[in-house]
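Q: One-letter residues, chain by chain:
Protein chains: 2
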Amino acid sequence: MSYAIQPRSRVKRLPERASYDKEVIYRILDEALICHVGFVVENQPFVIPTIHARRDDTLLLHGATVSRLLKHLQAGNPICVETTLLDGLVVARGVFHNSMNYRSVVLFGRGRLLTRAEEKYEALHVLTDRVFPGRWDDSRLPSAKELKGTSIIVLDIESASAKMRAGGPKDDAADYAGAWWAGVIPTEQKFLAPVKDEKLRAGIATPRYLKKYTR
Amino acid sequence: MSYAIQPRSRVKRLPERASYDKEVIYRILDEALICHVGFVVENQPFVIPTIHARRDDTLLLHGATVSRLLKHLQAGNPICVETTLLDGLVVARGVFHNSMNYRSVVLFGRGRLLTRAEEKYEALHVLTDRVFPGRWDDSRLPSAKELKGTSIIVLDIESASAKMRAGGPKDDAADYAGAWWAGVIPTEQKFLAPVKDEKLRAGIATPRYLKKYTR
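In the order they appear, the protein sequences are chains A and B. Residue 0 is where the first sequence starts when you use numbering that gives the first Met the number 0, and the numbers rise one by one after that. Residue 0 is where the second sequence starts when you use numbering that gives the first Met the number 0, and the numbers rise one by one after that.
It should be emphasised that the hints constitute simulated quantities derived from the structure, not laboratory data. Wrong hints could be hidden among the right ones.
If several chains are the same, the list does not tell them apart, and a pair holds so long as it fits within one copy or across any two.
Here are the simulated lysine to aspartate or glutamate pairs, EDC-like style, with alpha carbons at most 20 Å apart [to be verified]: (1) Lys-189 - Asp-86; (2) Lys-198 - Glu-187; (3) Lys-211 - Glu-187; (4) Lys-21 - Asp-56; (5) Lys-195 - Asp-86; (6) Lys-210 - Asp-86; (7) Lys-144 - Asp-29; (8) Lys-189 - Glu-30; (9) Lys-21 - Glu-145; (10) Lys-198 - Asp-171; (11) Lys-70 - Asp-155; (12) Lys-211 - Asp-128; (13) Lys-210 - Glu-187; (14) Lys-169 - Glu-15; (15) Lys-119 - Asp-136; (16) Lys-210 - Asp-137; (17) Lys-169 - Glu-197; (18) Lys-198 - Asp-29.
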């Protein structure tokens, strides 16, 4: 299944790196911990980082930081969300061919604010277990008051594209004979061993689902 | 030195995490490898990832991917740039208090396209040595034709804010007695050992400035 290509979602530059396949797009969205939400207020663009969770063809956005966004949403204005996973720094012989290896997604849609407490509760469950699988059942769950203080947006994805680069540098033919080093410096988001809160009650072991955290 | 606070750059949510100090803002911009550029075309927001380099109070954006942005710029429209460094996943006793440790910047300005070959050449020098200090002098430098094929934007930063969170979870007083684990999973962008291009000429050692790459 692919997203229909819209003028706004068509990758024009280096289209051979693009994909509109939902599976490809969703894998990137699901691996990324944060996304970058773009919206417009009176012709002024704003971009804010926030956490997200995908649920089928929608994106749940946790709205603690999105007060500017809320009014905007209620007016039915379009939103753009982008996320990028950096995989490597590509060092080419020629400066012009330096690049990065990455997997990115840009998607477009319109959002709505969740208003019913049960909807918010369920969305928080999805958001929590996406970051820490298993954590919901091992936490103090949200109170009615906390639910009131939480804003969650559901974005219906109308169109989306992925763009990716992998592999080594692509240099001009003549430059391969030169004495310049070329290659890739791989990079990854590394998660270190959990550090317990200094106020942690004695005798509580680190839960299995948080040890060796990875994505 | 701080940026003047404008309505668009004022951090409204959790203002105690905000800073308008140039040194703080620039340190984050300089550490981040990529940024997220937001712009508007006919009320449609776009967000694209790209590499950047700061030069004094301006941001150089490498425009290989920004063709949509170019026309837009020439019309003098405002741009928003955001970048976020993720430092940790904060695991609280209460779901509502889960958080992330991060350092982010949001900045606003207007851009212009560099048109003169010498300006572009110098900007590429800055962009290259920012990612790989020392690489410019050890590369095949750009040709006149390559310079023509490169788009570089200079963004004059008009206002900017940083927002940061660090430290452990902040739970409700009553929850500290509970049996839930709490703490932080630190995270960092990790750079691995350089992998040489499979077409690398024999006898070329990995340059010192690329070994143990870090930011």
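Q: With reference to the structure, classify each hint as holding or not holding.
A: These are the hints, each one checked on the structure:
1. Lys-189 - Asp-86: Answer is both; intra-copy 12 Å and inter-copy 10 Å each pass.
2. Lys-198 - Glu-187: neither (31 Å within a copy, 24 Å between copies)
3. Lys-211 - Glu-187: both (15 Å within a copy, 14 Å between copies)
4. Lys-21 - Asp-56: This pair counts as within: shortest intra-copy Cα distance 9 Å, inter-copy 40 Å.
5. Lys-195 - Asp-86: Between copies, since 15 Å is at most 20 Å while 29 Å is not.
6. Lys-210 - Asp-86: Result: close only across copies, 17 Å inter versus 23 Å intra.
7. Lys-144 - Asp-29: neither (29 Å within a copy, 40 Å between copies)
8. Lys-189 - Glu-30: both (13 Å within a copy, 16 Å between copies)
9. Lys-21 - Glu-145: Result: close neither inside a copy nor across copies, 34 Å intra and 35 Å inter.
10. Lys-198 - Asp-171: between (58 Å within a copy, 12 Å between copies)
11. Lys-70 - Asp-155: The answer is within: 17 Å in one copy meets 20 Å, while 29 Å across copies does not.
12. Lys-211 - Asp-128: For Lys-211 and Asp-128, only the intra-copy Cα distance (16 Å) is at most 20 Å; the inter-copy one is 35 Å.
13. Lys-210 - Glu-187: both (18 Å within a copy, 16 Å between copies)
14. Lys-169 - Glu-15: within (14 Å within a copy, 47 Å between copies)
15. Lys-119 - Asp-136: within (16 Å within a copy, 55 Å between copies)
16. Lys-210 - Asp-137: within (14 Å within a copy, 43 Å between copies)
17. Lys-169 - Glu-197: between (50 Å within a copy, 11 Å between copies)
18. Lys-198 - Asp-29: neither (32 Å within a copy, 34 Å between copies)
Checked against the numbered hints given earlier, this structure breaks hints 2, 7, 9, 18; the rest are met.
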